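> The residues making up each chain are set out below.
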Amino acid sequence: MRRISLALTALIFCIISGTLLCLVLYSPLPVLLASLANPEIHFAIMLSLVTGIASTAICIAVAVPVAYALARYTFPGKRIATLVLTLPLTLPPLVAGIALLLFFGSTPWGKALESAGFAVIFTPLGIVVAQVFVNLPYMIRIMRSSFAAISPRYEHVAKTLGCTDTGAFLQVALPMARPGILAGTVITWSKAMGEFGAVLMLAGVTMMRTETLPIALYLNISTGDVDLAVAAATILIAISLAALCAVEYLDRDVHVV
Amino acid sequence: MLTLESLSAHVGDFRIREISLEVRDREYFIIIGPTGAGKTVLLETIAGIHQPDAGRMLLDGTDITALEPRLRNIGMVYQDYMLFPHLTVEKNIAFGLRQKGIAVQERRAAVNETSRVLGISHLLGRYPETLSGGEQQRAALARALVMEPRVLLLDEPMSALDSGTRARISRELLAICKETQTTVIQITHHFEEVHALADRIAIMQDGMIVQSGTPSDVFLHPANVFAAEFLCIGNQIPGMAVPEGRLARVGTGGQSFYAVSDIAGPVIATLHPEDIIVSREPFVSSARNCLPGTVTELVPAGSTVRVILDAGFLLTAVLTRESCRDLALEQGSRVYATFKASAVHLIAAAHENQG
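As you go down the protein sequences, you meet chains A and B in turn. Residue numbering for the first sequence follows the numbering used here, starting at 1 and increasing by one per position. Residue numbering for the second sequence follows the numbering used here, starting at 1 and increasing by one per position.
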């Protein structure tokens, strides 16, 4: 058993690292560097960074209080609320994307939002909306297990020492949940950087307009510009690797997901 | 004085029912009861964490039932201390003072004074996770005491400590609370703590207070069989009491013995194993009861041995290992059990059906 399991582990390791290395090493280094300097790739990096940071910030701001409510309070319909709030976890992003597209494109509410200046269809704003919709459940789940792991008695003590509800949350629960917030932020951000399906549906694939890194990869591979596609892919691999290392590092303190 | 009037509350499956208590100023009040009796719910309700379903709480005559916990000035120390792990010991202790908006200078002075009293001045710069259990407990006490609470609630504060440390810390805790003139309500299930600390105690069962009073009252005169069993009073003998002068003669299992009591009818007689003298010959003394019996079992327990006797009914006595050896006790030995009529406490058995 020992030999078989170790051999299989080695094999899978080789397949994964080999495949990714083939991709990264596809273009000769000078070509790769030239591609990374390409304005289209630059645009994609910047757009991914900006939308990723924006959507992650929104996810944190929304997920922290929602996760706190799910972890601490009892309220009618809590089970169904938990289910619906975390449903997008298992939903294919493409389905989430088309649902968003139909909501914003063909309902009176969507139209009202658009005429109020909140235009999301085929716009960079749509990228942020799609990323938030798909990634929020991850952040909620991570934060909920973070808060659930903190005994409410810490907050009870804080209240006997003069804190209001909000004070106890801000001064005790939130700082204690810090490792969870950091891990959740890294995971949410790296997922936002790589989000494709939902973005494709809602924001479209417009070169130099809604072209995030995964969209750039898709556009360039469909037009046969493999070098640019590889450049985008290489950056995405680097982001994944960095995020995984960060989560492993943070996970020493708290076990998320 | 803290007064609870018919206080009922529930948290999940735990509930307290119709609790009425008075805790006097500077009193050390201990609530004992088995796990699940609702002791923690009671403390948290007094602290204001949970709103009661019914009843009132008065602190020095003021109704505090609806008051937020932060305005009650009632301190709380949990079993696991609940020191804020992201703050140093100093910041933990200063936490409450900061909420009150007390200036840094004053804060520092108060923290220094309290940590000096508790002997943790050298730990102020450390984080809670680097402290031992005893040190964490002192830090948690300091955090509560620095606020000069009107009542200090202690939720099994000793249970995480080994028994040697527990006895020492109990003594110190008592000294500190007396010195700071703090009113304390503590919950526990350790009897050593009751005898060492309590001015008065209450026994809790299924969310209700079944008895309260001074420790000696409660131990000598348990209100019902639950209290007697819970207080580990070893012998509970059901029988029929018949008044005889100033005594009551309790008949059971073809035998009878005397108790100082005016109760008649069906009773449960309770008797501490420590109050029974075991001898080979009839023991000449002022004790009213001297019953012949047979040793049915010897159960070693540390330095003592529990001797189970059949005297027509089963009796448990406690002997040191030495006296057990001296008497050459073994299964089947014929012995005499001698005990005073005043050591027997009678509980009217009818109470059990009403309770």
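Where hints are given, some of them may not hold.
What the hints assert, rightly or not - Distance condition first, Cα-Cα at most 25 Å in a straight line; then the derived DMTMM-like pairs of lysine to aspartate or glutamate:
id, chain 1, residue 1, chain 2, residue 2
1, B, Lys178, B, Glu22
2, B, Lys100, B, Asp53
3, B, Lys340, B, Asp326
4, B, Lys178, B, Glu27
5, B, Lys178, B, Glu113
6, B, Lys178, B, Asp25
7, A, Lys78, B, Asp53
8, B, Lys91, B, Glu22
9, A, Lys78, B, Glu22
10, B, Lys100, A, Asp225
11, B, Lys91, A, Asp165
12, B, Lys91, B, Asp25
These are calculated hints, taken from the structure and not from any lab test. All of these numbers come straight from a predicted model, not from anything done at the bench.
> Hint by hint, note whether the structure agrees.
Now for the hints, and whether the structure bears them out:
no.: 1; hint: Lys178(B) <-> Glu22(B); verdict: 19 Å, holds
no.: 2; hint: Lys100(B) <-> Asp53(B); verdict: 30 Å, violated
no.: 3; hint: Lys340(B) <-> Asp326(B); verdict: 23 Å, holds
no.: 4; hint: Lys178(B) <-> Glu27(B); verdict: 9 Å, holds
no.: 5; hint: Lys178(B) <-> Glu113(B); verdict: 16 Å, holds
no.: 6; hint: Lys178(B) <-> Asp25(B); verdict: 11 Å, holds
no.: 7; hint: Lys78(A) <-> Asp53(B); verdict: 23 Å, holds
no.: 8; hint: Lys91(B) <-> Glu22(B); verdict: 34 Å, violated
no.: 9; hint: Lys78(A) <-> Glu22(B); verdict: 39 Å, violated
no.: 10; hint: Lys100(B) <-> Asp225(A); verdict: 66 Å, violated
no.: 11; hint: Lys91(B) <-> Asp165(A); verdict: 20 Å, holds
no.: 12; hint: Lys91(B) <-> Asp25(B); verdict: 29 Å, violated
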